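*Asks:* Here's the letter readout for the chains.
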Amino acid sequence: MGIRKSFKLAFYRLFKRRIDVKLGIYGPTNVGKTTLANRLTEDWVGGKMGNISEIPHETREILKMERMQVSDGWKRFSIDLIDTPGIETKVDFREFMKYGLSETEAKRRAKQATQGVLDSIKWLAKLDAVLVIMDSTVDPYTQVNITILGNLKARNIPTLIVANKIDLPNSRPDKIGQAFPGSDVVSISAKEGDNINELYERIFDMVME
Amino acid sequence: MKLEVDLIPFSNISNMTPEAKVKFLVDKVQEGKVIVIEGTLEPEEEAMLIESTMKAVTDDFPGIELCTLSGDEYRRIGILNGLRDRLLKTLGHRKGIVVVGPAALIKEVKRSPGILSMHVETE
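Quick note, the sequences are listed as chains A and B, same order. Letter 203 of the first sequence, counting from 1, is numbered 203 in this note's numbering, and no numbers are missing. Letter 38 of the second sequence, counting from 1, is numbered 38 in this note's numbering, and no numbers are missing.
Rather than coming from a laboratory, the hints here were simulated on the basis of the structure. Here the structure is a predicted model, which means the values were calculated and not measured. It cannot be assumed that every hint is accurate.
Pairs of lysine-lysine, BS3-like flavour, derived with a Cα cap of 25 Å [to be verified]:
1) K122(A) to K21(B)
2) K107(B) to K153(A)
3) K21(B) to K98(A)
4) K126(A) to K75(A)
5) K153(A) to K28(B)
6) K111(A) to K55(B)
Excised from the complex, chain B in its bound form (with noise of 0.2 Å):
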C-alpha cells in the first residue's frame, strides 16, 4: 500500500463552514490518504469529524486517527508569546498542526508538546 500525504495550508479550508471542511477532511481520509493542515480545528469541529467519521465507518473503513497541536500548546514551550497568538487568531490564522489519517495506515500516535509521532504501516 502506498502512503500519500496532502499538506494543506489553513488559508485553503478557513473559508469552508465547518460541515464543509468536515466532509472534505473525511473524504481525503477515506480516499486513503494522511492530510496535514497548518492550522488548528475549534474543538466542535473536532466533535463533527468523530460524528461525521462513526456515520462512515465500515468494515473497510475502521475510522480515523487524529491529532491535533494547537497554538496553546506552542505557547507552552516558548515558541508564541499570548499577545502575538491572539493578533494571529483575531486575524483567522490558527496558529498550530493537524494530523488526519485513516486508522487502518496510522497504527498509532504519540504526542507529547510541541511534538507529534506517527506509526505508520503500509502493507
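Next up, chain A with everything else stripped away, as it sits in the complex (with noise of 0.2 Å):
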C-alpha cells in the first residue's frame, strides 16, 4: 500500500467519512456488464438494474443505480453505479433479425442502440472510476477495448479490467493480461458468483486511490 494511499485510508478511518464514487461498467456487446451490474446490486442493495439478453445491444440507455451504501467494514462508500450500453463501431438491423426480430422491431432496436453508443460516450467524462468488461473466451485485442481503455487513460479515470466469463471451458483471462500489459486486470463469472470478492476488494482499492 502506497504512503498516500495509507493517509488517506487513516484519514477515513478517523472520521468516518464516507467516499462518494460514480462507478461506470463499460465494454463491448454481450461481454456480461447488465450481468454483472445485477451481481453488484443485488449483492450491495438487493435488487436488478435491469434486464440480459443473447440478442446484443439488450441494454440502450444509461442504467443508474443510485447512492448505494456499501462499506468493507471500515470505510463507508456512497456508490452510483453507471452500466452503460454497450461500444461498437456498427449497428445493423440486419444482425438483429438473425435473432427472429422483424424488420421493423430491429430497425426500432437499432435506432435505440446507436443512440445508446452515444450516450456512453458521453458519459466517460462523468465518471471516477470504471470497469472495462471484457469477455474472456474471445479475443480482447479488439478497437473498441482499445478505444476504451485509451479514453480513460487520456482522462486519468482510475480502470480496473474485468475478465468475465471465467466459468465456461474456452476462457483465457490470461490471454487479456498479455493483450494490455500493465493493466490491472481480475478475472470472473458475474453470473456464477466466481471470485466476486476479490473483485469487491479490487473495486474498493481502486476508488481510494
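With the hints in hand, could you dock these two chains into one complex?
*Replies:* Following this line, the structure appears as C-alpha cells:
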C-alpha cells in the first residue's frame, strides 16, 4: 500500500467520512456488463438493474443505481453505479433479424442502440472510476477495447479490467493480461459469482486511490 | 461492388482539427472507400469517430470498421525505440497505421502486434 493511500485510509477511518463514487461499467456488447451490474446491486443493496439477453444491444440506455451505501468493514462508500450500453463501431439492423426480430423491431432496436453508444461515450467524462468488462472466451485485442482504455487513460480515470465468463471451458483470462500489459485485471464469472469477493476488494482499492 | 482504397500520408490531415479530421474520414467511408492513414488518431479522436459514425448510421450504412496500430505496438515488437518515438511525436509525427472502412464491405479485421488483416467482401 502506498504512503498516499495509507494516509487517506487513516483519514477516512478517523473521521468515518463517506466516499462518494460514480462507478461506470463499460465494454463492447454481450460481454456481461448488465449481468455484473445485477450481481453488484443484488449483493450490495438487493434488486436488479436491467434485463439480460443473448441479442446484442439489450441495454440501449444508461442504467443508474444511485447512492448505494456499501461498506468494506472499515470505510463507507456511496456508489452511483452506471451501467452503459455496449460500445460498437457498427449497428446493423439485419443482425437483430437473425435473432427472430421483425424488420420493424430490428430497425427500432438499431436506432436505440446507436443512441446508446453515443450516451456511453458522453458519460465517460462524468465518472470517477470505471470497470471495463471483457469476455475472456474471445480475443480481447479489439479496437473497441483499445479505444475505451485509451480514452480512460487520457482522462486519468482509474480503471479495472474485468475478465468475465471464467466459468466457461474456453475462457482464457491470461490473454487479456497479455493484450493489455500494465493494466489491472481481475478474473470473474458475473453469472456464477466466481471470484466476486476479489473484485469487490479491487473496486474498493481502486476508488481509494 | 468495387473496392477503392485511399492511402493518405498523415501530413495531409495533421493540421486539421479533430472535428475536421473525423468528418473527413466519415465522409470518405460513406462514399464506400477504405482509408489507410500513415499515422495514428488520439483516443479522443477515435471516440469522436465512433460518435460521428453512430449519428450517420442508416439502413444502408451500418457503420465502420476501424483499426489502429500505434507506435506503442511497433515499439513492443522492437521496430522503434522509445527515444526515437518520443522525438517523432514531439515533431508532430504519429507513427502507426489507421484503417477505416465501411462495415458493409469489411467483414472482419484481425489484429496482432505489428499486423492488421482485413477480410473484405464485395458482391
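*Asks:* Could you run down the list of hints and mark each one as holding or not?
*Replies:* Hint check results:
1. K122(A) to K21(B): Since the Cα atoms of K122(A) and K21(B) sit roughly 19 Å apart, the hinted pair holds (cutoff 25 Å).
2. K107(B) to K153(A): Status violated; Cα separation ~29 Å.
3. K21(B) to K98(A): violated (35 Å)
4. K126(A) to K75(A): holds (23 Å)
5. K153(A) to K28(B): Given pair K153(A), K28(B) is violated - Cα atoms ~29 Å apart, limit 25 Å.
6. K111(A) to K55(B): Measuring from Cα to Cα gives roughly 10 Å; hence the hint holds.
When the structure is compared with the earlier hints, violations turn up for hints 2, 3 and 5 and for no others.
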